[in-house]
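S.K.: Sequence:
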Amino acid sequence: MTQSIVTITKTQFYAPRFAYEIAMSQPQTHLFEVKLTVSNWDSDLLDVKMPVWTPGSYLVREYAKQLQDFAAVGSEGKKLTAIKIAKNHWQIQTDNSTEITISYRMFANELTVRTNHLDATHGYFNPAALCFYVPGYESSPIEITIIPPHSDWRITTPLPEMSNKTFLADNLDTLIDSPFEIGSGQVYDFTVLDKPHQLVVWGEGNLDPQIAIADIKKIVEVEANIFGGLPYEKYIFLLHLSPGGGGGLEHKNCCSLLYPRFNFQGAEKHNRFMQLVAHEFFHLWNIKRIRPAALEKFDYEGENYTPSLWFSEGTTSYYDLIIPRRAGIYDDKEFLAELSKEITRFVTTPGRLVQPLSESSFDAWIKLYRPDANSSNSQMSYYLKGEMVTLLLDLLIRDRTQGTKSFDDVLVTMWEQFGKAEIGFTETQLKNIIESIAGEDLTEFYDRYIHGVEELPFNEYLAPFGIELQAVAAHTPYLGINVKTEHGKEAIKSVASNSPAQLAGIDAGDELLAIDGFKVSADKLNDRLKVYQVGQQINLTIFHADRLMTVSVTLSAPQPQQYHLRSLEHPDDLQRQLFKAWVN
1 MTQSIVTITK TQFYAPRFAY EIAMSQPQTH LFEVKLTVSN WDSDLLDVKM
51 PVWTPGSYLV REYAKQLQDF AAVGSEGKKL TAIKIAKNHW QIQTDNSTEI
101 TISYRMFANE LTVRTNHLDA THGYFNPAAL CFYVPGYESS PIEITIIPPH
151 SDWRITTPLP EMSNKTFLAD NLDTLIDSPF EIGSGQVYDF TVLDKPHQLV
201 VWGEGNLDPQ IAIADIKKIV EVEANIFGGL PYEKYIFLLH LSPGGGGGLE
251 HKNCCSLLYP RFNFQGAEKH NRFMQLVAHE FFHLWNIKRI RPAALEKFDY
301 EGENYTPSLW FSEGTTSYYD LIIPRRAGIY DDKEFLAELS KEITRFVTTP
351 GRLVQPLSES SFDAWIKLYR PDANSSNSQM SYYLKGEMVT LLLDLLIRDR
401 TQGTKSFDDV LVTMWEQFGK AEIGFTETQL KNIIESIAGE DLTEFYDRYI
451 HGVEELPFNE YLAPFGIELQ AVAAHTPYLG INVKTEHGKE AIKSVASNSP
501 AQLAGIDAGD ELLAIDGFKV SADKLNDRLK VYQVGQQINL TIFHADRLMT
551 VSVTLSAPQP QQYHLRSLEH PDDLQRQLFK AWVN
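Mapping of the sequence shown onto our numbering: residues 1 to 584, in sequence order.
Each statement offered as a hint is correct.
Once the Cα atoms are required to be at most 30 Å apart in a straight line, the calculated DSSO-like pairs of lysine-lysine come out as:
{"id": "1", "residue 1": "K269", "residue 2": "K218"}
{"id": "2", "residue 1": "K252", "residue 2": "K65"}
{"id": "3", "residue 1": "K333", "residue 2": "K405"}
{"id": "4", "residue 1": "K218", "residue 2": "K341"}
{"id": "5", "residue 1": "K269", "residue 2": "K341"}
{"id": "6", "residue 1": "K195", "residue 2": "K217"}
{"id": "7", "residue 1": "K431", "residue 2": "K341"}
{"id": "8", "residue 1": "K65", "residue 2": "K49"}
{"id": "9", "residue 1": "K519", "residue 2": "K530"}
{"id": "10", "residue 1": "K341", "residue 2": "K524"}
{"id": "11", "residue 1": "K217", "residue 2": "K234"}
{"id": "12", "residue 1": "K420", "residue 2": "K218"}
{"id": "13", "residue 1": "K35", "residue 2": "K87"}
Everything labelled a hint here was simulated from the structure, so no lab data went into it. Fair warning: this is a prediction, and the values are worked out from it, not measured in the lab.
With the sequences and hints as input, model every part of the structure.
M.R.: Here it is as structure tokens:
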């Protein structure tokens with residue numbers, strides 16, 4: 001038997017070591033109990049910082065706000081002086097201790113994919129929202145030991161397990177990219193393209209896991225086919241069934257999914273879930289490995305600005321619609337119906353004519369995740385317009401190359417040049433690659449539709465595929481308010497810019513009471529407006545800043561609220577061929 005000898009240098013042996021212990025002895029209190037032990041420390045001061053955001057969710061969320069009971073002890077349990085010098089930054093005087101243990105508790109009762117949630121049934125956390133890091137040691141390995149409150153609670157994470165319930169992250173980025181699910185939820189193992197996958201489900205609902213897994217397999221195969229294989233050894237789908245709301249967050253080797261517990265039955269609801277799966281899985285290439293240069297090295301203390309989120313998120317949103325079609329989860333008719341809904345959302349958002357797409361990407365940190373009553377008038381989601389712009393670029397490439405190339409070729413080229421080596425791309429490099437695939441200069445396209453706010457010419461790009469976009473005629477005179485019943489009151493949630501309501505002085509936050517002296521509710525508003533004519537004056541009675549007022553409003557012409565994609569009556573052979581290649 002031959003023995004191998006491992007040589008450890010003095011520098012390696014004495015390098016600082018970082019080890020977490022995370023317990024949850026009373027999960028019903030929603031408090032994670034955290035200890036960070038720093039060994040081999042050789043300095044009078046130890047600085048620790050907590051991230052303020054997590055990659056994939058571009059908003060400073062101030063995770064440290066949920067932290068309490070911070071303390072630090074040194075060798076032999078000696079209490080150390082710790083000073084908080086910034087919102088997320090503590091400095092500890094070590095008193096020559098070479099081993100420092102920091103303890104704190106973190107309140108976790110926010111069920112989203114980007115925060116932490118702990119209750120009597122499970123624990124879920126994102127390390128960015130729970131763990132400190134030591135500046136200057138971001139490249140050091142980090143151990144993390146989980147102490148579940150019950151013996152039947154299993155631990156799921158993409159990190160490798162070193163020993164019983166102890167996991168290892170190669171560095172800080174890997175730790176932050178590795179969420180943990182701890183509980184007794186259901187675990188379903190399956191294989192795709194000879195690689196192991198898991199669907200881990202917490203919560204109760206009407207999910208049929210076998211139906212879901214069958215379609216998840218199809219999505220994995222279709223996306224792998226685009227990029228030429230799967231860039232991981234194992235992948236985990238973490239699914240939380242929630243009372244309401246949903247969302248997803250991508251990671252390199254897993255994704256977190258939040259979906260309403262009773263929204264799986266019925267074709268439309270099932271399809272929406274599959275689009276969510278397709279979106280987050282697509283991100284394992286587009287954003288986790290094919291990254292903008294500004295996100296190549298994360299700054300966890302502040303905003304990381306890039307104008308290219310329209311590609312990272314918007315292009316992914318385009319593919320989450322078309323991937324299920326390619327996978328056979330829905331047919332051509334359903335695909336066009338889903339795309340029609342997205343186009344309707346875009347065309348009925350006034351902010352599309354105000355905020356350029358590149359600016360929307362850049363300003364994600366202060367706008368998209370912080371909507372207000374005027375957001376729809378002044379902002380444009382880089383998810384939604386990025387999806388629309390990718391649609392046009394895909395159609396343009398297919399048309400210019402007679403169907404021999406598509407936006408798939410853009411993605412593959414980006415993968416080969418930037419994704420495999422994980423080299424950040426610049427906005428110019430992305431534009432150059434799209435142009436090389438399209439075979440033409442796209443500066444005018446960029447100036448109009450990415451850096452500008454011109455209307456997107458859908459029908460011009462759809463015509464070669466035998467498809468046209470039609471507005472559904474509206475018959476209700478236009479008022480321009482969005483009303484929702486809340487707590488027994490008719491709350492005006494938003495007022496469209498330059499609408500009759502805005503010109504009459506009506507604001508979001510007002511309460512609608514009556515039209516021409518008769519009480520009106522949100523669900524009856526359109527029916528009431530139908531009896532009036534364009535140009536007619538009506539009297540709206542409202543509470544405006546708690547003051548009872550009656551305001552005269554002159555109704556304007558009806559505005560379409562729905563748009564449908566439909567096939568041309570007599571498409572030619574080339575149009576049929578291009579359409580078939582596009583959707584299939």
